[in-house]
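Trainee: Each chain is listed here by its residues.
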Amino acid sequence: MLKNYFKTGLRNISKHKLFSFLNIIGLSIGMSVTLLIIVVLENASNFDDFQKNKESIYRVYTEETNPDGKMSWAITFPELTNQLELNESIEKITKINSSFRGALDYKAKELNFNGYFADSNFFNVFSYEFISGNPKTALMDPYKIILSEETAHKIFGNKDPFGETLNTKFGDFTVSGVIKEPDGNSHLSFGVLGSYSTLSTLRNKNLLNKEEWNWEAKNPEYIYLVIDNKNDISIVRDQLSIIAKQIEPLVEDVTLSFDLQNMDDIVLGKQMAGSIGPTFAFLESMIFLSLTLMILLPACFNYINLSIARSLGRGKEIGIRKILGGNKKQLVLQFIIETFILSLFALIGSMLIVYLIKDEFITLLASGSRLQIIDISFTGYLLGILLALVTALLAGIIPAVYFSKQNPLESLASKVKPGTFGALSLRKGLVVIQFALSIGFLIGISAFVKQYSHALNFEMGFPKENILVTHLADVNFNIFNNEFQSQPGVKSVSFSSTIPGSWDNSTTVVRHLDSDDSLEVQEISVDEKFLEEFDINLIKGNGFNSEMSGNNGFAIVNQQFEKSFGRFNSNSDNKNYFITESGRTAKIIGVVEDFNKTPLQKESKPILIWFNPDKYRYAFVTLESDNVYDLRNKLKKVWAGLSSMNFEAKFLEHYLEEAYNSFENAIKVLGLQGVFVMVISCLGLLGMVVFSTNNRIKEIGIRKVLGASEGKLIWLLSKSFLSLLLISTAIGVPISYFIFDRMLSRMRYEYVGIGLFEILASVSILFIAGGSVILWQTKKIASINPVENLRSE
Amino acid sequence: MISLQNIEKYYTNKFVKTYVLRNINLEIEEGEFISIMGPSGAGKSTLLYLLGMLDKPSDGEYYFLDEPVHKFNDRKLSELHKSYIGFVFQQYHLIEELTVYENLETPLIYQKMNSKERKARVGDILDRFNIVGKKDLFPNQLSGGQQQLVGVARAVISEPKLILADEPTGNLHTDQGEEIMKLLKNLNEKGTTVIQVTHSKVNAAYGNRIVNLKDGWIER
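First to last, the protein sequences are chains L and B.
Heads up: the first sequence begins at 5 in the numbering used here, then just goes up one per residue.
Heads up: the second sequence begins at 7 in the numbering used here, then just goes up one per residue.
Since the hints were made in silico from the structure, they are not lab data.
Don't take every hint at face value.
[Stated by the list, open to error] For lysine-lysine, the following DSS-like pairs were computed, each having C-alpha atoms within a straight-line distance of at most 27 Å:
no., chain 1, residue 1, chain 2, residue 2
1, B, Lys62, L, Lys320
2, L, Lys173, L, Lys163
3, L, Lys332, B, Lys125
4, L, Lys333, B, Lys82
5, B, Lys220, B, Lys191
Starting from the given sequences, assemble the full structure and let the hints guide the process.
Mentor: Right, dumping it as structure tokens:
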């Protein structure tokens, strides 16, 4: 019986080429996004499978409770190991610090790398194969480096790199081993491993932040444990909670606790800040998966729509089958199988699409870098077939039931009109939903594009051009100043703790000496030339000057600070004094105009400006406007004379653009989905126009003979479809305006709003796309010679 | 075999009842060959489809092999008709996507016959109707007469007790029509009850009884 159904199905597909073509294309697109998510999730669940200890490896992670709620961090404190090492339930412990990145220099060759500092226990916990070197000692001493096969090949070619010296911004490292690339994806992905003991050396030399247990520093430190006996996990957890109680974090209102996470749960587990490798937040993926239904469903709608539209031809076959004894169940089954065959074809199409778009999409979906390969495995194929089956059910069930319910005598007598009331309104409804969705995507895209361009052109309150931002690393700012200031082409040099206009943010809370009212303010530490270089004008009082000493008890604030702070009651003697949450008292000596310290704020935030050379992390070098790139290369040479570390310099504009990556991603995702939905909707509309105008060929012929003009006939045929587009617009515009308006206004940026232009542009695109589909087909029908189509009847 | 008692069939349309069949009383014995005749619109086809359980009477009682068909639900009706009744149509109504062989096989599939038995049955009927050479052709590759031959073959393949034929020769040339009529006669002689709707007196003569319909009434 099934064989018979498959045969009929295949023949039906090949017989009705337009119908099959429209549906296979539509379903391919519809299924591709869902398939992509399935493939990504399936791959994610296989992460780290090559680790022999996978089941007994646990990661220590941190839970932060602050006044805003709870937050999970994958990072934790390396100091925890001191106490954990005493715990007998733990077989092995290893520490990783993921800040080992930058550029590797080997004789004139330079290669960017990403890697970890890892201790010598690393290879006891994780399974990696050595090509050269000794796993027991390779990471023992400071300044040792292990290369992955790939990295080694890139720098040294086929030569054995063992014992060679590589220069990085952390100093010179000796190659102590080369390891094979693991067989499969891992959440730990690295090109090199440096010995963890290097970090302690650097800390002793005062080259790294040495404030330990300081949560604000948020060092990228990770701890992994091997616990063989599952029953011992609670013992370790207990110990961790005891340790947590002993911690007094430096930030008020924040409590920290620690917990364990099995390696299996890392990639597909809960979303954490500070992840070491790619994570696929399971919840987000699920939300995304359900969003893909927005694309899959319209494709199914097409199928439903077109199937019913050609019921005239199909009804006869169904009628005969009924008379021959086919019952409803058998007919429904037959129809579903036919849809299944069609969706199997579509599955092939969607796999092609997945291959084309996967790389782009994965970077959007997976946070964290270096996701190596996404492949469709055997399970992936099975899941794909399952997807085809689900699609077949979604798309096939309504037409199947529709046909199985028809009276066989009526369908044999061709009495069934494709436009029986229920079916017709169902089909119109489906088209309306599709185009309402399309308009939603169009409005969403235009809203994000507007927001993005607004952000890029935003007046930050300071100039953005020709400022080279340089990380100071181990160079003293005075030396830097002397060397760089004197270079030809350099206009000015200044220093600060954070980059203005980036998310790099620190805040504190201030109050008057004699009042409890407090104000949250953003903090930045600058030198005396900063305000001038960034063109931030002093309105009242004085600026800093070079004679001042650091930490001097003086501060400059912006207008917003003055306005908000001035509202609090205070004795006039104390009016210009404030105290911070860490107990520092300071006097306000000047007020500057407002500027944006963080990207695109809804309104100016109060800003507190310190004069504190200890906090300088960045130098800002303003260049003469011509030949900035040549100049940058010259400055690189100057830097080489100051530090063994690499010259990390980017123009301020790049930092500002990076702050809006999320917009770019949103535009890409929405754009792709929008194109998909539009294409599907237009295919569906085309099918509907084709089938229903074909039923009117005779009528059109008669009208033509009676003297109707071609233009009038086109209008006659098109107007019902155009009204569908109008209804979609009327439904889609308000709903999507509401949704995107809400969504964008909740972001942390200043929100520009969705204007009339965006809405009109979206509606025009919809009507141009939909209208040309309608016109194309109706014009064809209207221009047929009436003699031919009347004779054919 | 069949007993119709006071069968009425009408359609209600905006307060107007349009009668198609009025007060039909008809007894049909097993083994009869009945021709239903009458002018267009007399209700011949409606009566045939009522007998074939594809349509339901508005009023009256219908007993098939002493079973009260008028009381049955759709599923029971479908069971009954697929095991006892075969249909032959004026327009042949073969499934165009299927070959001759598959068209013949379809009723057996719906009766859930296993594939081995199906093969034997189809082979047997292809032999009997002398259409073995045509078994892999599609309906549109056959002439009208050949299509109707397949149509009859499909009707008898499940060995029904009753064959209902709606102007089986209406679309055929005279000699093709004759061949089909002889076939039906032959089947009747082997014990199958045949009821046909026809306009042609010649075809009616193959039967042993004529039922004349006019404006929905049986003419006595």
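Trainee: Hint by hint, note whether the structure agrees.
Mentor: These are the hints, each one checked on the structure:
no., hint, in the structure
1, Lys62/B - Lys320/L, "holds, 20 Å"
2, Lys173/L - Lys163/L, "holds, 24 Å"
3, Lys332/L - Lys125/B, "holds, 25 Å"
4, Lys333/L - Lys82/B, "holds, 14 Å"
5, Lys220/B - Lys191/B, "holds, 26 Å"
Comparing the model with each numbered hint stated earlier shows that all of them hold.
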